[in-house]
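Asks: Could you build the full structure based on these sequences and the hints that come with them?
Those sequence lines, one after another, are chains A and B. Taking my numbering, the leading residue of the first sequence gets 1, the next gets one more, and so forth. Taking my numbering, the leading residue of the second sequence gets 268, the next gets one more, and so forth.
Quick caveat, the hints were computed from the structure, so don't treat them as lab data. A couple of the hints might just be wrong.
Unchecked claim - Result set (BS3-like, lysine-lysine): computed pairs, CA atoms no more than 30 Å apart in a straight line:
#1 K199/A to K225/A
#2 K499/B to K447/B
#3 K175/A to K54/A
#4 K502/B to K464/B
#5 K278/B to K447/B
#6 K285/B to K54/A
#7 K22/A to K246/A
#8 K225/A to K285/B
#9 K264/A to K246/A
#10 K130/A to K225/A
#11 K246/A to K214/A
#12 K501/B to K464/B
#13 K285/B to K130/A
#14 K132/A to K285/B
#15 K278/B to K132/A
#16 K130/A to K278/B
#17 K183/A to K194/A
#18 K199/A to K214/A
As the list claims (entries may be wrong) - FRET-style restraints, in silico, Cβ to Cβ:
#19 D49/A to N393/B: 21 to 31 Å
#20 N245/A to H379/B: 46 to 56 Å
#21 I564/B to K199/A: 52 to 62 Å
Think of the CB as a built atom: it goes at the ideal place given N, C-alpha and C, for glycine as much as any other residue.
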Amino acid sequence: MKQTSVEFALEIRKLILKLIFKANASHIGGALSMTDILAVLYNDILRIDPLDPKSEQRDRFLLSKGHACTGLYATLGIKGFFPIEELDTYTNDGSRFLSHTSHYIPGVEISAGSLGHALPIAVGIAMAAKRKQATWKTICLISDGELNEGSNWEAIMISPQHELDDLVLIVDYNKIQSLGFVKDVIDIEPLKAKFEAFKWNVKEIDGHNHTAIKLVLSTLDTNSKQPTVIIAHTVKGKGVDYMENKLLWHYKSPNEEQYETALKNFK
Amino acid sequence: MRTAFIDQLIKEAAVNDKIFLLVGDLGFSVVEPFAEAFPERFLNVGIAEQNMAGIAAGLAIEGYFVYIYSIANFPTLRCMEQIRYDICYHNLNVKVIAVGGGYAYGPLGPSHHATEELGMLRTIPNMVVAVPGDPVEAKAITTFSARYNGPMYIRLGKAGEPLVHAADAITEIKLGEILKVVEGAEIAVFSTGAMLKYVADFINHNNINASVYSFPFVKPIDQGLLASLLAKYKKIITIEEHQMSAGFGSAILEHTNDFLNDRILHNAPAIKRIAIPDKFFSISGSQKYLREAAGIILQTKDFE
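Replies: Take a look at the structure:
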């Protein structure tokens with residue numbers, strides 16, 4: 001029987017934890033907050049083939065928050081885009097698995113690390129799709145803090161102008177950015193009203209509820225002449241009780257004891 | 268030069284249906300014929316250069332040959348990180364076109380003076396930096412760009428520059444090519460970009476026995492030919508409409524040093540660099556006035 005997205009998410013979380021623990025790397029909080037979205041996308045939604053990752057007809061998924069690369073690497077590794085053992089080299093000298101997403105990894109559409117870059121690229125890809133009358137979707141996942149970047153708003157403004165209704169933006173709204181809570185740094189609320197004012201279709205969901213994620217992604221209105229944004233309310237560090245909603249876990253890597261404790265969380 | 272560019276681009280787009288032109292809400296009375304001929308491959312993305320560069324990257328990922336077009340610093344400095352990371356790191360087929368190189372838009376002030384971008388762009392891996400010297404070179408460079416796979420920057424002048432080369436003198440240009448414009452003895456002037464007309468006229472009007480070479484590429488530069496020119500002349504004068512640091516003259520110095528170090532060259536000629544001396548100009552002035560104010564001028568004593 002096919003694995004469910006919930007089971008898949010648990011596997012991804014375990015692998016994220018292992019990768020970050022072994023590499024003593026940062027950014028576990030933001031990887032765990034988007035895990036359920038990735039699990040649903042790659043389990044149930046995206047038309048992709050690990051054996052043909054550049055297939056012309058594939059859906060294009062662009063991860064903008066490249067620092068959360070462990071989430072995408074784990075997802076792609078489990079899906080078989082590359083030999084999963086290769087993930088053991090993550091951040092090692094000479095490894096192609098650096099700590100931001102790399103387009104040299106099969107299944108990764110673009111390299112990302114500097115914030116506010118992926119959405120404009122996604123707009124270009126969606127424009128190409130329109131001109132080619134292609135049926136694939138362009139889906140871009142950004143962080144909430146990343147909405148501080150003006151380049152994102154340039155892209156948000158132009159998308160409805162060109163009726164990019166096959167473009168989907170997902171905001172991983174985990175409420176914490178690099179140096180504080182989003183509401184304390186630059187409050188992005190009212191976010192739904194902002195996107196509505198910019199003429200987007202706006203959906204708001206619990207970004208950890210698989211049924212809700214699947215429903216919104218499988219019922220997109222692609223003839224509305226408007227792009228769609230999914231504001232996914234998430235929890236930074238989701239799934240590991242002592243990491244949840246803690247700024248510290250934007251940076252910190254678990255020690256051995258914390259690693260064991262976290263693994264127990266996943267049982 | 269911008270007319271030569273757009274006329275040639277239209278010709279290229281007629282035979283290559285992947286050519287796509289994005290403009291940043293600029294190009295009045297220049298880009299309209301392209302937009303009319305190829306409406307599906309033209310887009311005014313508005314006054315948003317970061318987004319323009321990102322969209323270009325997206326279109327290029329999907330197989331288009333994308334040109335982004337705006338004035339001076341806007342398609343370059345304003346979106347430098349998108350050029351570096353999205354376009355050059357991904358090695359995409361995007362050509363960045365800036366009109367108004369150097370002081371071409373003189374009286375508009377430093378916001379519109381493109382006098383630092385060559386240095387910034389030539390440090391980026393995968394990037395080709397082209398600076399045509401007259402409309403004939405601009406046409407040849409445009410043709411080259413439409414066949415070249417990878418990121419490229421083209422600094423154009425404005426409209427109405429006089430020709431230096433005969434109209435049909437350049438049928439094809441090769442990557443890094445150096446063009447001989449005037450044949451002389453002992454001293455050579457290496458000119459890049461729109462300084463060429465001034466240099467050729469100065470040599471002719473003053474009956475100076477010196478050679479003039481035009482460098483339509485600041486990066487890369489034909490290494491074999493450059494080394495032979497450095498060995499041939501006892502003095503080289505480089506001239507450019509750019510800050511002294513990191514530009515064309517700097518590139519020539521770097522290559523000269525490396526040739527000496529690698530023993531490709533045994534004696535270096537004297538090299539005089541003419542460029543902007545690390546300065547902004549907050550006064551109004553024509554291109555000619557600002558060049559003179561910055562000291563971008565040749566003097567007969569340079570050739571004694």
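Asks: Quick one, are K225/A and K285/B close enough, alpha carbons at most 30 Å?
Replies: 25 Å, holds
Asks: Take a quick look at whether K246/A and K214/A sit within 30 Å of each other, Cα to Cα.
Replies: 27 Å, holds
Asks: Holds or violated: K278/B and K132/A, Cα atoms, limit 30 Å.
Replies: Distance of about 22 Å is within 30 Å: holds.
Asks: Between K130/A and K278/B, does the CA-CA distance stay at or below 30 Å?
Replies: 25 Å, holds
Asks: Does K464/B sit within 30 Å of K502/B, going by the straight-line distance between their CA atoms?
Replies: Distance ~21 Å between K502/B and K464/B Cα, so the pair holds.
Asks: Between K132/A and K285/B, does the CA-CA distance stay at or below 30 Å?
Replies: Measuring from Cα to Cα gives roughly 11 Å; hence the hint holds.
Asks: With the threshold set at 30 Å, check whether the alpha-carbon distance from K264/A to K246/A stays at or below it.
Replies: Holds: K264/A and K246/A sit about 19 Å apart, inside 30 Å.
Asks: K175/A and K54/A: Cα distance at most 30 Å?
Replies: Given that 30 Å is the threshold and the Cα spacing comes to 34 Å, the pair is violated.
Asks: Holds or violated: are the alpha carbons of K199/A and K225/A at most 30 Å from each other?
Replies: Cα-Cα ~10 Å, so holds.
Asks: Decide if the proposed pair is consistent with the structure: K199/A and K214/A, CA atoms, cutoff 30 Å inclusive.
Replies: This hinted pair holds, its Cα atoms lying about 23 Å apart.
Asks: Verify the CB-CB distance for I564/B and K199/A against the hinted window 52 to 62 Å.
Replies: Cβ of I564/B to Cβ of K199/A: about 54 Å, so the range 52 to 62 Å holds.
Asks: Is K130/A within 30 Å of K225/A, Cα to Cα?
Replies: 11 Å, holds
The structure fails hint 3 only (numbered hints given earlier).
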